[in-house]
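Chemist: Starting from the given sequences, assemble the full structure and let the hints guide the process.
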Amino acid sequence: MISSPAPAAPHWVQMALSVLGILGGSTGLAAIATVVVQRGKFKADAADTLTEAALTLVQPLQTRITQLESEALNARSELNVLREQVNQLQFLVRVLNRTLDRWRTAIRAPDATLRKVRATVTETDRSTQDR
Amino acid sequence: MGNLRIRSRHQPYEIAVLAAAPVCGVLMLTLDVRPTSVQTSMPVPIQIAWELGLIAVGVGGLLGIVWPGRLSTGLGIELASVLVLGTITGMYAVALVAASGRQSIAATSFVAAVAVGSLWRAAQIAVDLRRLAQACELVSYEQLQAGVT
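Chains G and W supply the protein sequences, listed in that same order. Count the first sequence with our numbering and you get residues 475 to 605, in order. Count the second sequence with our numbering and you get residues 4 to 152, in order.
Derived from the structure by calculation, the hints contain no laboratory data. All figures in this text were calculated on a predicted structure; none of them were measured in a lab. The beta-carbon is built from N, C-alpha and C at its ideal position, and this holds for glycine as well. Be aware that a few hints might be false.
To be verified - Listed below are several chain G residues computed to face chain W (Cβ distance under 8 Å; list not exhaustive):
#, residue
1, S492
2, A505
3, I506
4, V509
5, A546
Modeler: Below you can see the structure in the form of structure tokens.
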């Protein structure tokens, strides 16, 4: 090693660099010390933090989804009940239509008499009672 | 809830410089050579500390980047490393200017750029650490509120 010739090394440069080095080094040490001391602030791992943050985001959505699912289920069962009722009503309408047609033909028949009409009505009454 | 975004820790320039630093330091130590600018403008103990600092910074910085434990600890180690790296390269830049003046414009520019980049990265890490701390507080608070275990 060359013993320092120091023609281009003013004393203040050495001083400044020494101060700079000591300052920088102590800043680095202080940074590590700060993080170590404040470790309690960072309770969770990186992964933990991310999953927990995601959980807080997902949680409301999840409750909303279960709520909507139960609502959809309710609506579906209600729809089934209503469809059943519509079927029954359609059937009833068909039966009544048929009865009406029969009565109409009975009334419009050229040889229609009150007795015949009454007989037809009684017959329909019996057949509906049978059912 | 604010968005928790930690910047990517695989920054090519940073990793390259951090990997080069300990190689440079070990070579200088084993071959017992130092740049003339450093020799002329630093006292001997500072020179030795400068070399050891190069090695420590490189090893510590890479260790902090691949730290397997808590993210905060890894970030802290990286923060300290880039801070000291900024100091070391800044010292070298000053030494270059003091020793060679105008002759060292190219070298000084690049070394000073590394110093600025290191301090920049240190500021980024400090911001990330603050965000991380805030996120930790926020999460535990919301957990208490929601009753989530």
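Chemist: With reference to the structure, classify each hint as holding or not holding.
Modeler: Checked hints:
The interface hint given for S492(G) is met, as the beta carbon of that residue sits about 5 Å from the closest beta carbon of chain W, less than 8 Å. Look at A505(G): its Cβ gets to within about 4 Å of chain W, closer than 8 Å, so that hint holds up. At about 4 Å, the closest approach between the beta carbon of I506(G) and any beta carbon in chain W falls short of 8 Å, and the interface hint on this residue holds. The closest approach between the C-beta of V509(G) and any C-beta of chain W is roughly 3 Å, which is under the 8 Å cut-off, so the hint is satisfied.
Hint status for A546(G): violated, given a least beta-carbon distance of 25 Å to chain W, over 8 Å.
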